[in-house]
Amino acid sequence: MSERWPVLEVLSGGASDVPAEVQRRLYEDMILLRSFDERAINLQRQGRIGTFPPSLGQEASEIGSAHALRRSDWVVPSYRDHGALMVHGLPLSNVVLFAMGRTPSLSSALRALPTSIPIATHLPHAVGLAVAAQKLGTDDLAMAYFGDGGTSEGDFHEALNFAGVYKAPVIFFCQNNGWAISVPRARQTASETLAQKAVAYGIAGRRVDGNDVLAVYQVVGEAAARARRGEGPTLIESLTYRLGPHTTADDPSRYRPAEEYQDWKESRDPIQRMGGYLMAHGLLTAEDDQAIRQAAQDRIQAEVEAAEALAPVEPGGMFQYVFRQPPGDFAIQQRRIEEAVSRG
Amino acid sequence: MSERWPVLEVLSGGASDVPAEVQRRLYEDMILLRSFDERAINLQRQGRIGTFPPSLGQEASEIGSAHALRRSDWVVPSYRDHGALMVHGLPLSNVVLFAMGRTPSLSSALRALPTSIPIATHLPHAVGLAVAAQKLGTDDLAMAYFGDGGTSEGDFHEALNFAGVYKAPVIFFCQNNGWAISVPRARQTASETLAQKAVAYGIAGRRVDGNDVLAVYQVVGEAAARARRGEGPTLIESLTYRLGPHTTADDPSRYRPAEEYQDWKESRDPIQRMGGYLMAHGLLTAEDDQAIRQAAQDRIQAEVEAAEALAPVEPGGMFQYVFRQPPGDFAIQQRRIEEAVSRG
Amino acid sequence: MAERNMIGAINLTLDQLLAEDARVMVFGEDVGKNGGVFRATEHLQERHGEGRVFDTPLAESGILGMAIGMAVGGLKPIAEIQFMGFLYPGLDQLMSHAGRLAARSQGQVNVPLVVRVPFGGGIRAPEQHADSIEALLVHTPGLKVVVPSTPYDAKGLLTAALDDPDPVVVMEPIRLYRMGRQEVPDGRYTVPLGSARVARAGRSLTVITWGNMVAVALDAAQALAAQGEADIEVLDLRSLYPLDREAIGESVNKTGRAVVLHEAPMTGGLGGEVVAAIQETAFWSLEAPVERVTGPDVPYPPYAWEDFYLPNRERLVEAVRRTLKD
Amino acid sequence: MAERNMIGAINLTLDQLLAEDARVMVFGEDVGKNGGVFRATEHLQERHGEGRVFDTPLAESGILGMAIGMAVGGLKPIAEIQFMGFLYPGLDQLMSHAGRLAARSQGQVNVPLVVRVPFGGGIRAPEQHADSIEALLVHTPGLKVVVPSTPYDAKGLLTAALDDPDPVVVMEPIRLYRMGRQEVPDGRYTVPLGSARVARAGRSLTVITWGNMVAVALDAAQALAAQGEADIEVLDLRSLYPLDREAIGESVNKTGRAVVLHEAPMTGGLGGEVVAAIQETAFWSLEAPVERVTGPDVPYPPYAWEDFYLPNRERLVEAVRRTLKD
Ligand SMILES: Cc1ncc(C[n+]2csc(CCOP(=O)(O)OP(=O)(O)O)c2C)c(N)n1
Ligand SMILES: Cc1ncc(C[n+]2csc(CCOP(=O)(O)OP(=O)(O)O)c2C)c(N)n1
Ligand SMILES: [Mg+2]
Ligand SMILES: [Mg+2]
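Chains as they are written, first to last, in this note's numbering: chain A, 1 to 344; chain B, 1 to 344; chain C, 1 to 326; chain D, 1 to 326.
Any given hint could turn out to be false.
[To be verified] Straight-line alpha carbon distances no greater than 25 Å define the calculated DSS-like cross-link-like pairs of lysine-lysine that follow:
(1) B:Lys167 - D:Lys33
(2) B:Lys135 - B:Lys167
(3) C:Lys325 - C:Lys254
(4) B:Lys265 - C:Lys254
(5) A:Lys167 - C:Lys325
(6) B:Lys135 - D:Lys325
(7) D:Lys254 - D:Lys325
(8) A:Lys265 - D:Lys33
(9) D:Lys76 - D:Lys33
(10) C:Lys33 - C:Lys76
(11) A:Lys135 - C:Lys33
(12) D:Lys325 - B:Lys167
(13) C:Lys254 - A:Lys167
(14) A:Lys135 - A:Lys167
(15) B:Lys135 - D:Lys76
(16) C:Lys76 - A:Lys135
[Claimed, not checked] Non-contacting residues of chain C with respect to chain B, defined by C-beta distances greater than 12 Å in every case (computed):
(17) Leu12
(18) Arg39
(19) Ser61
(20) Gly62
(21) Thr159
(22) Asp163
(23) Gly187
(24) Leu218
(25) Glu280
The set of hints was computed from the structure by calculation and includes no laboratory data. For glycine and all other residues, C-beta sits at the position ideal for the given N, C-alpha and C.
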């Protein structure tokens with residue numbers, strides 16, 4: 001079966017026709033994301049933020065996919081997609097605030113839904129956003145992010161089926177990072193590939209080397225073009241690997257073979273691969289690289305400081321946004337809590 | 001795609017190697033089912049029973065599939081599968097009682113779950129029964145019945161995926177009768193066939209002419225043998241047609257093209273086809289046929305009389321089976337209702 | 001203005017809402033050509049086209065999940081779930097998402113979604129076609145829940161639900177769809193969310209109820225009045241979230257006695273909330289314990305038992321008598 | 001007998017139940033090699049094999065649906081749902097099936113299923129990791145629901161749940177998993193379903209609660225006792241369905257006053273049912289309105305707000321004082 005589902009690679013081939021400045025930008029954003037995740041893990045260890053889900057190792061998938069979109073497209077993310085959202089325009093300070101327990105999700109004024117913690121149940125929203133774009137006569141699309149584990153949920157199925165029936169302009173971007181917490185991909189489903197699940201819905205399915213940022217950029221670009229032409233949805237399986245823990249609360253050494261991890265870390269790191277490629281094609285020097293890394297650190301430092309500078313939250317905040325038109329009960333409930341707080 | 005999913009037919013070929021008495025039995029049961037449904041529609045029109053879902057036109061799928069099972073296999077039916085249950089051993093009087101609103105489902109002491117009205121949400125139960133058979137070391141299997149509409153529910157997906165992962169001895173028998181109430185198959189999913197949905201789960205998929213009772217018998221028999229050998233689940237798409245209304249509360253002329261109906265009725269009726277085949281092969285005479293039909297009428301008459309002879313229900317009946325160990329509240333709630341009834 | 005039954009009022013309202021705003025979309029299982037299993041959407045596809053009124057695949061979570069996305073994406077979706085007993089596979093979308101997206105996004109996103117769900121018993125339907133799960137929805141933060149008991153309110157509440165910027169579930173009592181007619185204005189009007197209605201004014205005791213059971217309450221009230229036994233006030237809540245706690249308090253403070261009536265099972269039913277609301281707003285006026293007359297704690301039974309299951313006039317009258325005796 | 005925390009008690013119980021009956025199966029997301037995200041199933045796969053303790057695909061409806069089939073098919077499944085906030089996509093299986101199959105089959109089939117679900121707040125977890133939806137489950141006919149608040153009860157209730165022939169949901173308060181140790185017998189014992197526990201005897205007022213909030217109630221009771229202000233009785237319901245209405249009535253008839261305490265949102269919460277139960281069993285003893293101290297009607301907030309959301313000693317003490325004043 002897998003010969004019918006070839007894995008697209010670009011970095012291993014010749015020169016890419018992606019403009020040099022875009023290639024460079026992809027590399028910079030991967031470094032920014034990696035640096036941010038490392039910093040966040042540190043902040044968590046210091047007790048300055050709570051549980052955090054790093055995307056270490058998945059930078060090519062996150063960054064390459066999001067760069068292939070327009071700002072007017074909808075991003076529908078899972079909890080691990082601060083990388084894609086950052087590319088779409090999300091300030092990193094929002095990510096810090098989220099991890100500080102000050103926002104329930106990565107929310108923003110962008111064309112993006114807030115990050116969704118329940119697995120795969122956000123996929124139908126992407127279909128709805130795509131249907132809305134269709135009915136409103138735009139050529140915008142929606143792209144949902146989720147993991148290999150997410151393919152098992154019923155909502156994955158319902159979303160892809162609806163998308164097929166309505167030929168909705170939606171991309172289902174599945175980061176197959178090998179694991180759903182401790183459950184390996186092979187125990188998640190008996191299908192040989194995840195891309196082949198597209199067959200069930202009469203829609204397009206693609207596999208891509210998810211640690212090859214140019215390949216990811218290309219495959220999403222193609223799916224987006226198809227969607228905008230009215231040719232319907234695409235399921236993309238991006239083959240990558242989570243180099244870190246599931247979240248800072250997880251210990252992957254309990255369940256994951258050390259050799260597997262070593263292999264991915266040493267020979268398939270997406271940043272090293274892109275860095276090597278850029279250098280080989282004369283698009284990056286060691287000094288550039290140094291400067292990019294320093295700029296990332298500086299930017300992250302500023303974002304963390306911005307987040308930490310905010311005043312403590314007030315009780316009213318949890319009532320504020322639940323409804324646009326809140327019921328009378330809210331005022332009473334809020335007052336009672338405020339009174340207890342002021343007494344306590 | 002559909003050339004990869006050929007439709008098995010038998011009646012159009014030469015002589016079958018299914019034993020003559022089995023062939024004859026298949027025919028008899030199809031007639032019994034057809035006669036029963038016609039009678040039930042009549043009873044409903046006379047107000048003697050409530051809403052009823054006939055399986056007119058689907059007799060080959062119902063009867064052929066169930067005959068391929070053993071009594072120790074589990075049947076996991078939808079609301080339209082009194083035919084399969086009858087073959088498995090269900091007294092037809094139970095069907096009448098159900099339609100009289102005296103039982104919530106077709107329940108029985110057989111290895112069968114009660115009929116399920118919520119669509120497709122019974123499919124995971126079949127997986128669980130199959131896993132139980134597996135773990136208990138038997139070679140029994142479970143077979144779930146559902147329709148084309150049922151393939152859209154998330155539980156269809158979760159069930160087939162679990163079955164694939166556990167290589168469970170389960171058959172998913174999908175009667176594609178062309179319609180889910182008023183929604184045609186083509187608006188239910190964009191996949192060209194329903195059988196190809198098996199690809200998503202790495203399991204076997206088959207298509208069969210669902211109005212060809214010998215083909216259905218064969219395809220289910222093969223899937224059963226595979227399941228018993230530990231080779232895992234099969235999704236079967238049985239191509240058939242609902243000749244009647246969805247239920248007696250439905251009016252298909254509102255949504256269904258008359259020509260489509262005429263075509264299926266006149267040239268693809270499963271009973272006519274099998275009758276013709278048996279006569280052509282010298283296994284049935286016109287007098288036999290007459291006798292079979294008369295026997296069916298007599299049996300149905302007896303079953304209807306048995307059901308109608310029962311005494312009216314008592315209030316306690318609705319409390320009786322909810323729990324094996326009911327809470328104390330039940331006695332109080334029941335008493336209050338009984339008092340009101342005796343006063344009223 | 002014409003006399004209409006409830007299903008007619010709903011059909012008219014949908015037709016008008018579709019006509020007045022191109023962003024309104026009506027969809028669900030069998031709502032298109034078939035016009036809905038209860039005919040609530042009859043002729044709407046013909047009139048407004050397949051782009052506006054359309055069938056979905058058979059998947060409730062998909063319907064509601066897609067509807068959420070459509071609402072966020074700038075449309076005004078009105079989704080139909082065929083029966084409340086088939087809302088279960090779609091509950092997650094209401095509970096994990098519709099009710100949370102506004103809070104989750106800190107107000108960046110909101111979900112102006114309307115879900116119509118026929119519910120309740122009394123029509124001798126097969127299993128799981130008669131469930132009433134208002135208590136589950138009311139306990140879901142971020143959702144609003146309304147339930148009309150008259151054609152007039154059906155139109156006004158549905159219009160108000162569409163106008164409301166938050167997700168609203170409109171529960172439609174199946175048994176009332178074709179029971180009785182009422183003058184229903186042709187023009188647009190709303191019945192505000194959160195306001196109960198005094199369906200009958202009275203002085204001796206308040207029966208608090210909603211949906212199908214309003215008719216039972218009015219019937220019992222009439223019987224008791226006819227016999228000169230009691231003068232019952234009937235409060236039709238109409239809006240279950242927000243709950244009109246003021247109207248509850250006002251009525252019970254006046255009458256001093258109350259019975260709560262609903263068809264869902266007793267334990268964990270919304271009756272408990274109403275009793276607590278009475279406790280909180282009218283304790284010092286109470287002259288007798290508040291009784292609940294409800295369905296028993298069992299799955300809605302096959303229809304041979306339906307008359308035993310559903311609260312009826314006799315059971316309500318008995319409860320009223322007990323409450324008046326104390 | 002050894003001192004154990006709650007998670008240790010649960011782990012021990014599962015180990016023993018697996019050992020004593022080959023039909024017992026333990027499964028869910030990450031319960032195998034990883035031993036569960038809270039380590040409730042640690043080492044169980046090593047000890048009992050992959051055939052008995054196994055991971056499932058990531059799909060809650062699939063887990064519970066398969067578990068139902070396994071139960072009917074002759075096994076004794078103990079399914080884990082990772083957090084109560086992820087039970088939503090699986091609710092349909094409990095509501096349409098687990099709770100109905102016995103009635104639906106007129107007793108031909110029953111579902112001896114145990115579902116373990118960590119729930120509740122207080123551990124600064126991300127969104128949807130702290131929900132408490134007992135009210136939804138209690139209102140579902142055919143289900144039993146229990147919630148331990150001590151290591152001893154955790155073992156006894158889990159064993160009783162397995163012995164029970166009906167489907168039982170065991171809600172495990174996450175915050176109590178590692179909070180405090182208690183002597184837990186090594187041998188088998190059960191805590192009967194349907195029986196509340198007087199966690200502290202008192203005469204002035206009854207606080208009725210369950211799960212995490214038992215600790216808050218005991219804390220408040222101690223503070224009020226220390227100041228000589230009041231002698232509070234704390235009733236730990238332990239079993240939410242069946243509900244021990246007798247114990248509620250007995251306690252409130254003795255004290256004459258009550259406050260109901262839970263962390264779920266107020267409206268439609270189980271607090272309403274408890275208030276109604278008091279109304280029905282102890283109305284004539286009541287000297288003041290029953291108050292509810294609960295979470296507000298909002299989705300469980302991000303953890304910066306957690307201490308505002310969760311009922312705490314201060315809020316309970318204030319409510320007790322108000323109730324005593326009347
Ligand atoms: C509906 C639901 N069930 C369970 C969980 C708990 N959970 C969080 S992440 C996770 C694994 C997800 O794996 P995958 O989809 O592969 O994404 P990844 O974390 O690898 O990016 C689980 C089980 C959840 N968040 N939502
Ligand atoms: C979960 C759920 N949603 C909706 C319904 C209402 N309903 C009953 S039958 C049906 C159509 C089923 O079509 P299909 O699966 O093709 O089976 P068929 O009736 O054709 O045999 C619908 C929508 C239901 N019973 N359950
Ligand atoms: Mg993964
Ligand atoms: Mg069909």
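Need the list of violated hint numbers for this structure, in ascending order. Violated: hints 4, 5, 6, 12, 13, 18, 19 and 20.
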